[in-house]
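Undergrad: Here is what each chain is made of, one letter per residue.
2 protein chains.
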Amino acid sequence: MSLTAHKDLHQFVQEVFLNKGFSQEHAIISANVLIAADLRGIDSHGVARLSGYVRLIDKGRINPNPSLNFTARKKTMGNLDADGGIGLVAAHFAMEHAMEMCQVYGSGWVGIQNSNHFGIAAYHALKAFEIDAVGFAMTNASPLVYPAGGRERMLGTNPICVAIPGNNGREFVLDMATSAAANGKLEIASRSNKSIPEGWVLNAEGQPTQDPNALKSGGGLLPLGSDADHGFHKGYGLGAWVDIFSGVLTGANFGPWVPPFVSFLDPAADAPGKGIGHFIGCWSLDGFSDAQTAKNQLDIWIDQFKQSKPSDANKSVIVPGEPERIYESQRMKNGIPLNEVVFEDLKNLNTHLKLNSKLFV
Amino acid sequence: MSLTAHKDLHQFVQEVFLNKGFSQEHAIISANVLIAADLRGIDSHGVARLSGYVRLIDKGRINPNPSLNFTARKKTMGNLDADGGIGLVAAHFAMEHAMEMCQVYGSGWVGIQNSNHFGIAAYHALKAFEIDAVGFAMTNASPLVYPAGGRERMLGTNPICVAIPGNNGREFVLDMATSAAANGKLEIASRSNKSIPEGWVLNAEGQPTQDPNALKSGGGLLPLGSDADHGFHKGYGLGAWVDIFSGVLTGANFGPWVPPFVSFLDPAADAPGKGIGHFIGCWSLDGFSDAQTAKNQLDIWIDQFKQSKPSDANKSVIVPGEPERIYESQRMKNGIPLNEVVFEDLKNLNTHLKLNSKLFV
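Top to bottom, those sequences are chains A and B.
The opening position of the first sequence corresponds to residue 1 in our numbering, with each subsequent residue numbered one higher.
The opening position of the second sequence corresponds to residue 1 in our numbering, with each subsequent residue numbered one higher.
Next up, chain A with everything else stripped away, as it sits in the complex (with noise of 0.2 Å):
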């Protein structure tokens, strides 16, 4: 595990986007999305991708000088078509119009269609903080998440993000998958051998399992709820609403047909819409009531679920999105932790791109 200055792998990542075709602007922001997401601890929709964005340019699924073409279709809502390029992208412009609306008329959305996977939900919502707004951001993906009660994988890991800003940094911040556990969770206890808990994976059988492997091995995702006794039609529902709002609604594709984000599976032939999906969008915080008075209870919030009695005598309630920041501050400082399979990975895109980084001297 070495310890990576954030602003070295920044430029690390813009180079090789660039190498890629992309213009500096997109190459900054994608730079943008992938760094923030190492920065707060989600180190799967960091740097770990990059070298899976790059396999989907150099196939040509990922369109790297994109024409991006919004067209508002309302006072407070438009579509973007992101022609084919990466959604870290086209998610960020969408952010863009959606808060220009939003100074405007107090809401602003915008729905995204022909896009990729656009990293973690956080870095868009969070972008509404810029104009005291709320941010909202969800994105269909490929499906690996079994329906409550069905056996095909029809759902994406489909994440919703809310972003509320307080008072001096106080936030809340809450950015979740649908399904009861991530992919990443499984991997992890497959590299080192362990079972997993009942109720995160069903078998191609449509067996519960404790095998890390299960999904590998045909099986499916369980959404958020786990079974029928523990509502597991409620991540389901949950799942099945970003689908429509990223999927079916703006013009991508939606359930089985949402494109793969790994390079050797290829896109289904009958896809019924156009890329990947997004929504996302934003409120203004002075829209609900005074913002000064909302930022103030929020604080009364924040400290009263804070002090609240935990669980465990030796912990305390979490306010979601404060672990993420902790990472943020921790990795400004220290760096970014890259584990030896990623480092290898960047290391190996230096090479081949011949981008002499000095990271890898």
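None of these hints come from the bench; they were simulated from the model.
Check each hint, because a few of them may be wrong.
Once the Cα atoms are required to be at most 30 Å apart in a straight line, the calculated DSBU-like pairs of lysine-lysine come out as [stated by the list, open to error]:
#1 A:Lys75 to B:Lys75
#2 B:Lys274 to A:Lys309
#3 B:Lys216 to A:Lys315
#4 B:Lys295 to B:Lys75
#5 A:Lys194 to A:Lys216
#6 A:Lys75 to B:Lys295
#7 B:Lys358 to B:Lys59
#8 B:Lys309 to A:Lys216
#9 A:Lys347 to A:Lys59
#10 A:Lys358 to A:Lys20
#11 B:Lys20 to B:Lys7
#12 B:Lys274 to A:Lys295
#13 B:Lys306 to A:Lys274
#14 A:Lys185 to A:Lys309
#15 B:Lys306 to B:Lys185
#16 A:Lys309 to B:Lys185
#17 A:Lys216 to B:Lys306
#18 A:Lys59 to A:Lys7
#19 B:Lys216 to B:Lys347
#20 B:Lys274 to A:Lys306
#21 A:Lys274 to B:Lys295
#22 A:Lys333 to A:Lys185
#23 B:Lys309 to A:Lys185
#24 B:Lys194 to B:Lys315
Chain A is already provided as a structure; the job is to place chain B on it using the hints.
TA: Same frame as chain A, but now just chain B:
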């Protein structure tokens, strides 16, 4: 179990509210919301609650004749002060304001403070279908739910509803509490002396239990996800989002201060806000992309999910909102089944208020 025609029941509910000082308009709206719950099979939120509302009115905790005060804070956002009135009515008018904004600007949002329980969220969200918009509704409620990693009641079962219109009455309607199980399920198990699954509730010592009376004995409901392994921080995050939107940002109460529905418990003396809060609004379907195309795509989505492989070969995968519509069409035709307890409760109201309803002859 007796079957009662929904129109007769509606008439009776209306008479009860009129007797308690509601205007004709408010009595009709209130009856609309309660009967909609019974028709949709959400028996816990229909006429079963009528005497509860009456007790709150009698105690001066619900203002029967409120002056609803709407403040347009932005072109698409406003705040409604419900003047201590019933939530059934406040939420109805809030959605009307949201729909007016939506028709001009493409979306509309109203935070409601100083309100009381608003019935089923789906009633309010579904109203947006009148203008071909996606409806959204959430409300906070009195604290019964522990935060993830906590053992103090900090959140209500705080529902979220999203209703998306399709072609020819097809639709997607997610209306879900953010706890693993609703209070009503514990009641049912308690009455029949059955144990409940682990993961619904922790006892007063913060330990897992299968005792259906654990909540009554000072325990707390668990958020959707049930435990750390199964993502209960997500259910907690969703419930917290609802609480912040409904209470913190609108000027209503939040967290442990949300006033109880039951009249025998007094509201907190140190409450930081006014009454209960809701958040309601809508997005024009035509704002995401062309509305007709979106509906056609939703048809494909619904068909695809309904036809996907089920876990149980004798069942099929359900689209959120489908079971409620089946109940509704059956109960519109056959009447609403009232169990003995609810029937007696209504009969007592009839006697007590001298209404001479033909239902109890």
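Undergrad: For each hint, tell me whether it holds in the structure or not.
TA: Hints and how they fare:
For a cut-off of 30 Å, the pair hint linking A:Lys75 to B:Lys75 stands: about 10 Å separates their Cα positions. Between the alpha carbons of B:Lys274 and A:Lys309 the distance comes to roughly 25 Å, so the proposed pair stays at or under 30 Å and holds. With a C-alpha separation of about 26 Å, the suggested pair B:Lys216 and A:Lys315 falls inside the 30 Å cut-off, and the hint holds. Distance hint between B:Lys295 and B:Lys75 is fulfilled; the C-alpha atoms sit about 27 Å from each other, no more than 30 Å.
A hinted pair counts as satisfied when its Cα atoms are at most 30 Å apart, and A:Lys194 with A:Lys216 qualifies at roughly 15 Å. Between the alpha carbons of A:Lys75 and B:Lys295 the distance comes to roughly 21 Å, so the proposed pair stays at or under 30 Å and holds. With a CA separation close to 28 Å, the supplied pair B:Lys358 and B:Lys59 stays within the 30 Å bound. A hinted pair counts as satisfied when its Cα atoms are at most 30 Å apart, and B:Lys309 with A:Lys216 qualifies at roughly 19 Å.
The straight-line distance between the Cα atoms of A:Lys347 and A:Lys59 is roughly 21 Å, inside the 30 Å bound, and the hint therefore holds. About 19 Å separates the Cα atoms of A:Lys358 and A:Lys20, which keeps this hinted pair within 30 Å; it holds. For the suggested pair B:Lys20 and B:Lys7, the alpha carbons sit about 20 Å apart, so the restraint of at most 30 Å is met. Proposed proximity of B:Lys274 and A:Lys295 is supported: the alpha carbons are some 16 Å apart, at most 30 Å.
Restraint check: the Cα-Cα separation between B:Lys306 and A:Lys274 comes to about 23 Å, which is no more than 30 Å; the hinted pair holds. Simply put, A:Lys185 and A:Lys309 have alpha-carbon atoms about 29 Å apart, close enough for the 30 Å limit, and the pair holds. Distance hint between B:Lys306 and B:Lys185 is fulfilled; the C-alpha atoms sit about 27 Å from each other, no more than 30 Å. Taking the CA atoms of A:Lys309 and B:Lys185, the gap is near 26 Å; set against the 30 Å cutoff, the hint holds.
A distance of roughly 25 Å separates the Cα atoms of A:Lys216 and B:Lys306; the hinted pair therefore holds under the 30 Å criterion. Restraint check for A:Lys59 and A:Lys7: the C-alpha separation of about 29 Å stays at or below 30 Å, so the hint holds. Distance restraint check for B:Lys216 and B:Lys347: the Cα-Cα separation of roughly 27 Å lies within the 30 Å cut-off, and the hinted pair is therefore satisfied. Under the criterion of a C-alpha separation no larger than 30 Å, the hint pairing B:Lys274 with A:Lys306 is consistent with the structure, at around 23 Å.
Using a Cα cut-off of 30 Å, the hinted pair A:Lys274 and B:Lys295 holds, with the two alpha carbons roughly 16 Å apart. At most 30 Å may separate the alpha-carbon atoms for a hinted pair to count; A:Lys333 and A:Lys185 meet this at roughly 27 Å. The hinted pair formed by B:Lys309 and A:Lys185 meets the criterion: a straight-line CA distance of about 26 Å does not exceed 30 Å. Our distance criterion of 30 Å between C-alpha atoms is met by B:Lys194 and B:Lys315, whose separation comes to about 26 Å.
In summary, the structure agrees with every hint in the numbered list given earlier.
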